[in-house]
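*Asks:* Produce the entire structure from the sequences given, and follow the hints as far as they go.
Chains as they are written, first to last, in the UniProt record's numbering: chain A, 1 to 297; chain B, 1 to 536; chain C, 1 to 343.
All the pointers check out, no bait thrown in.
SDA-like mimics (lysine to any residue), calculated; alpha carbons at most 25 Å apart, straight line:
id, chain 1, residue 1, chain 2, residue 2
1, B, K396, A, L62
2, B, K219, A, G155
3, B, K513, C, A196
Honestly, the hints are just simulated from the structure, not real lab data.
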Amino acid sequence: MPRPSFYQEEYYPSPMRHTWTDFQRNHIALAGLWCLLFFIVAAFLGPFLVPYGPLQQNTDMLLLAPAWNVNGDISHLFGTDSLGRDILSRIIHGCRITLGTSVILVLIAMLVGCSIGAYAGISRGLRASVINHLLDAIMAIPTLLIAIIIVAILGTGLLNSMWAITLALIPQFIHQTRDLVRREFQKEYIVAARLDGASNHRLLVKDILPNMVEVLVVQATMALSVAILDISALGFLNLGAQSPSPELGTMLSEALDTAYAAPWSVALPGAAIFLMVLSINLVGDGLRTALKNRLLQ
Amino acid sequence: MRRRVLVVLALSILSGCQKPGQNSLPMEGLVYCSEGSPITFNPQLDISGTTADATSHQLYNRLIDFDPETGKLVPSLASSWSVSRDGLTYAFQLRKHVNFHQTAYFTPTRSFNAKDVLFSINRWFDPNHPYHQVSGGRYPYFESLGLQQIIKEVSLINGFRVEIKLNYPDSSFLATLATDFAVILSEEYASQLMTENRPELIDSLPIGTGPFKFHRYRKDAYIRYSRHDGYWEGNQSVEQLIYDITSRSSLRLAKLITGECDVIAYPAQTELQVIEERSDLYLEERPGLNVGFWAFNTARAPFDDARVRRALALAVDRKTLLDAIYFDTAVAAKSLLPPSSWAYDDTLEQSSYNPVQAKKLLQEAGIEPGFTMTIWAMPVERAYNPNATKMAELIKHYLADVGIQVQIVSHEWSTFRRLLLKGQHDSVLIGWSADNGDPDNFYRPLLSCSAIASGSNRANWCSAEYDKLINLAVRTADESIRMSYYQQANQILMDQVPLLPIAHAYRFQAYRKGVSGLQINPFGGISFANVSKDRD
Amino acid sequence: MLIAIARRLNLLIITLFILCLASYVLAFLFPGDALTNLSGIPALSADQSHQLQLMYALNEGWFSGFWTYLKLTLNGDWGVSLNSQTPIFEDILKLLPASLELSLYAMVISLVVGLPLGVLAGLKHRSYTDMSILSVSLTGFSFPVFWLSLLLILIFSLQLGYLPMSGRISLLFDIPHSTGFILVDILRSEMPVKDAALFDALRHLVLPTLSLSIVTTALVIRLIRRSVVTVYASDFIKAAYTKGLSHSQVFWRHGMKNALLPIMPQLAMQFTVLLTNAMIVEVIFSWPGIGEWLIQAIYQRDFPAIRGGMLAVSAVVVTFTISVELLVRILYPLNKRQFYAQT
Chain A
1 MPRPSFYQEE YYPSPMRHTW TDFQRNHIAL AGLWCLLFFI VAAFLGPFLV PYGPLQQNTD
61 MLLLAPAWNV NGDISHLFGT DSLGRDILSR IIHGCRITLG TSVILVLIAM LVGCSIGAYA
121 GISRGLRASV INHLLDAIMA IPTLLIAIII VAILGTGLLN SMWAITLALI PQFIHQTRDL
181 VRREFQKEYI VAARLDGASN HRLLVKDILP NMVEVLVVQA TMALSVAILD ISALGFLNLG
241 AQSPSPELGT MLSEALDTAY AAPWSVALPG AAIFLMVLSI NLVGDGLRTA LKNRLLQ
Chain B
1 MRRRVLVVLA LSILSGCQKP GQNSLPMEGL VYCSEGSPIT FNPQLDISGT TADATSHQLY
61 NRLIDFDPET GKLVPSLASS WSVSRDGLTY AFQLRKHVNF HQTAYFTPTR SFNAKDVLFS
121 INRWFDPNHP YHQVSGGRYP YFESLGLQQI IKEVSLINGF RVEIKLNYPD SSFLATLATD
181 FAVILSEEYA SQLMTENRPE LIDSLPIGTG PFKFHRYRKD AYIRYSRHDG YWEGNQSVEQ
241 LIYDITSRSS LRLAKLITGE CDVIAYPAQT ELQVIEERSD LYLEERPGLN VGFWAFNTAR
301 APFDDARVRR ALALAVDRKT LLDAIYFDTA VAAKSLLPPS SWAYDDTLEQ SSYNPVQAKK
361 LLQEAGIEPG FTMTIWAMPV ERAYNPNATK MAELIKHYLA DVGIQVQIVS HEWSTFRRLL
421 LKGQHDSVLI GWSADNGDPD NFYRPLLSCS AIASGSNRAN WCSAEYDKLI NLAVRTADES
481 IRMSYYQQAN QILMDQVPLL PIAHAYRFQA YRKGVSGLQI NPFGGISFAN VSKDRD
Chain C
1 MLIAIARRLN LLIITLFILC LASYVLAFLF PGDALTNLSG IPALSADQSH QLQLMYALNE
61 GWFSGFWTYL KLTLNGDWGV SLNSQTPIFE DILKLLPASL ELSLYAMVIS LVVGLPLGVL
121 AGLKHRSYTD MSILSVSLTG FSFPVFWLSL LLILIFSLQL GYLPMSGRIS LLFDIPHSTG
181 FILVDILRSE MPVKDAALFD ALRHLVLPTL SLSIVTTALV IRLIRRSVVT VYASDFIKAA
241 YTKGLSHSQV FWRHGMKNAL LPIMPQLAMQ FTVLLTNAMI VEVIFSWPGI GEWLIQAIYQ
301 RDFPAIRGGM LAVSAVVVTF TISVELLVRI LYPLNKRQFY AQT
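*Replies:* In C-alpha cells form, the structure reads like this:
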C-alpha cells in the first residue's frame, strides 16, 4: 500500500520494479513466465503427484496410445512406451532432470564466468589482451560443438555432459561481464567513488554488481535455453544421459525405435522440450525488451 | 508467416515429386537394408550372421547346399557325391565350366576345378598352409566344431574329383560342408596375390563363383555388388545389389516405407504389425532355427556355482520376456533345440518362474542381498533377440525382486564381441542361429569345451560328460540313438543351467511389392541369387 | 589496418597451433596406449611399436615429439581410424564437403527467407507485422533441431511418403567422388541419367536443409530486425528524412547499408551454428558427413578418429570465423573505429 503522500512528490519505482512493471505489460512474455512457472512447479512437485515411477514397467500395457486416442486409456494420460512405462510420468521426471540440471549448470557457469569476466574487466595490458583474444576465438565456436568435443574426451554420461555444457557456457558470461565492467568503469559515478578512495574490489561489489544483475539475468535465461537444448541434444545423441534415464532427449532417442508405431512417444517429449525452451525464450526476450526500454528512458 | 513461406516453398519443391512409394529411378538395382557391417568378406573367418548374410550366398558357392524348402542337401559346385560304407571317405564330383568373377582387380584365366576346393579347405584345415595365418589364422566355425580333428586328409583325385577322409565317422559332416562358412575361394586369385605379396587382400577384395561380384564397400555405409554375368546357374537377378548398412531397425522400417530399401533385414517385432497393415509391403514368416538365451559366465565366481545359475533362471518370468520382447513371434525355449528340429524333445519340462525358490537357492549359495552383477546386452537386433537392452531392463526388474542389483553393459557390436571373448561379462544376453539343420550345430558350438577357445561358448562352460554325449551322438547316423544322447545332454543342461534358453524366434523377411524370388533360408544367410524387381 | 590484419592472422595461427597441441596432448589423455591413439594401429607388435615410436619421435622428449607430430599433421598424415583402419585425413577430406554442402544450402535459405522478413519486421517496428514475425521467429528459435527433423520425417517421409529420409542420394546411383559436393559431382560426372540423379539428390536435400535452416532463419531475422531498428532510430536517418529524401531513397542509400554491414560477421557466424546443428541432423538423416562420422567415432571410442575429427571441425570453425572478421575489417574499415570506441 502506498503511504498517503503529503507532498507533491512523484513516485519513483526502483529500477528493478520499473523493469518488472514494463515486463508485465508484455502479455506474451507474461504467458511465457506462467508456462515456465508451471514447468518449475512440475519439476519440483510433479514426481510426488504422478501415479507411476519413471522406470516402473507395466508389461500388460505396452505402447498404449494417449488417452485422447480411441485406443487410449485414461490411466495413462500420455500413453506408454515400448516397455509399458507411463509417458506422462517419464516426461515430468524428465523435466526435473533436464530443467534441473540446466539450471544448476547455468548457475555454475554464471558464477565462474562472472568472476573471470570481472577480473578481465579490471585488468589491463597483456593479460587482458590474451584473455580477450582467446575469448573471441572460443566465443565463435558454438556451445554444442564444444560440449560434444568435451564429451568425446571425458566419455559419455549425464555428469560429463553437464561439465561439458558448463564449460562451454562460461565464455559467454566472461564476455558479457567483461564488457559491462569495462563500460561501467568509465562512468562518472565510478570515477567519483574512486576519487573517494574506493578499492577496485569495493567498486566491483558495491557499485557495479547491482547494476549488472538485470543484464546477467537476461543473459542467464538465454544461457538456460541453450543449456536445455544442448543437454537434450547430447541425450538424444546418446552422449549425455543414458537410457533408461527419463532425460527428455534420451527419451526421444529411445522412442525412435517405435517412432512409426507410436509417434506420440516421439512427439510428446519433444514438445515438452520445445515448450520449456519457448517459455524461457519468451521470458528472456520480455526481460530484455523491458530492460532496454528502461535504459532508453 | 515465415513458416508459411517455408511450407509453400517446400510444397513447390514437392509438387515435382512422384507419388509415394513409387521408385521410378532409371537405375536398376535392389537395395537391401542390412543390420551391420560384415567383419570380413570371407565367411570362413567369422561366425556372425551379418558376415554370412553379406557374403556367403552372394559372392560364393559351396560344394553342396541346403534346399531352402525341405532342408535336404542338394548339389551345388559338387554335381554329385558319395560316402563310403564306413562313413569315413567322402568323394565329390565337381561341376565343370563354373566361372570365377572377373573384376577390376582380377581376371580369371581358368574356370573352377579341384584345386580351388583343395585350397579352400586346406586354408582352414592345414595349419602349415601358406594362407592359414593370413588375416589372423582363426576359423571360428570350423574350430568350434573341432573339424580339424575330424578330417584326416583332403586329396585330389583328378581335375574335377576330390576326396575327403575322416578320422572317425561324423554324421553331420555333409551338413557342415553346406553351411554358409564352407565357401569355395579361387586358388588362382590366391596364388596371384601371393606373388604380388599382398595375400591379405583375398579377404577384403573377394573373388568367388557366386551370383554377384564385389564392387565397393564402405564400412557402416554400404556394400555394392554387381551382377556376375557368367554365373554357372544362369543369372536373371538384378543388375546391382546394394547393402545399405542401417543398424537401427526403426530406420530400416522407415526406409522400407519410403521405398529407399526394397528388402530389410530383421524387422523388429513391434513393427511387424505395421508391415502387415500396409498393402505395399510384404512379410514372410518361417520358424527359425535359432535360440535366444541368457548365458552365465561360469568362469567367474559366483556363477561357477550351479545353484546361483539355477536361482537366476528361476527368478525371471520368461513368459513376460516372450510377450514384451518378441510380441508372440517366438516360441518359448525349453532347451537349445527349436521345435522344428527332428531331435526336439517334446517331453522336456520347462522350469517355471519361482522367485521364492530362487531366493532360497541364493541364500544357500551365500549370495547376500544387494549383490551386483552385470548383464551384457548385445547392441544389435537379431531374430533370436530383437531387443537385448530392453530384455536386460526387464530382467533387471525381476532380479531386483530377489535382491540382486543389475548393471547393464552394452558396447558397439565389434567391441562388444571382442570384450566378450575376453570373458569380462558376468552374464550375457545373446543367441545362436543355426548354420545347418543338424542338432549338433546347437549343442557343439554353444557349450562344448572346444567352443570356449573359438568364442562361441559364451558361458565358458566345460563339462566332460556333456562333451562325451555330444561326441557319441555324431558317431552314429541312427537318429533315434542320436536323440537319446541329446536327451541325456538336455538333462545335464537342466541341472547345470550354464545358460537359460529363452526363445526360438520366427524368422521374418520384409520387402516391398514388386520384389520377387526372395526366399527365407532357415539354414543360413539370405540369398539374392534369384531375386528380381518389377519396375512399376 | 595492416596491424589489424596481422593481428587476426596471428590469432589464427596461434589458435590453430593450440588446437594441434591440444589434439596431441589428448592422445596421451585418452585411455589406452598413446602410440595406438596417435597412429590408430591396435595391438602393436614390439617391432611395429618400435618403428612407430621412431616415427612419432616419442622417446626424444615432449618437444620434439610434438614437433614431429605437427609436421606429420601438416603433411596430412593423421593416422588411421581404429575402427575401419582407413586413413583419417582422407576420410575427413571426403566427409567434410558433405557437411559444408548441407550447411551452405541451409545458410542460403536462411538468408533468402530471413533477410526480407527481418527487414520488414525492423521497418514496421512494434506493429502487428513485427510482433507476428518476431513471435514466429522466437518459436523457430526454440525448436530442438532433432525434434524438428524427426517431425519432418514423420510427416513428409513416413505419413505422406513424398521425400526420402536418409543419405545424400539413392545408393543406386554410383556417383564418382571428385569435389565431394554432390550436386557438383553429378554435374561433372559422365553418367547417362544425370537429370534423374540430380533430381534425386535434390529430393534428398530438402528435409535436412529445411530442418537446419528453420532455426538459423529465426536467428537471422532477429539479428537483422534489431540492427534495422537501431539504425532507423539513429540521427543520420532522421537527417536524411529532413533532407527530403523519399522512403525508398533512405532505405536503400542509408538504411540497408548501415544496418547490414555491421552484422555481417554475426550473420556469418551463424554458419558455425549451422555446422554444429548439421552434426545432429546428419545423424538423423544418415547424411554421410563429418558430424555423423565424429559421433560414430565417439560411440566406438575410436580415439584417433575423435582426435582427427575434433581437430578438423574446430580448425574449420576457427579459420572460418577469423577470416570472416578479417574480411569484414578489410571491406568495412569503420568497424575498426567502432571496435576501439567500444573498448
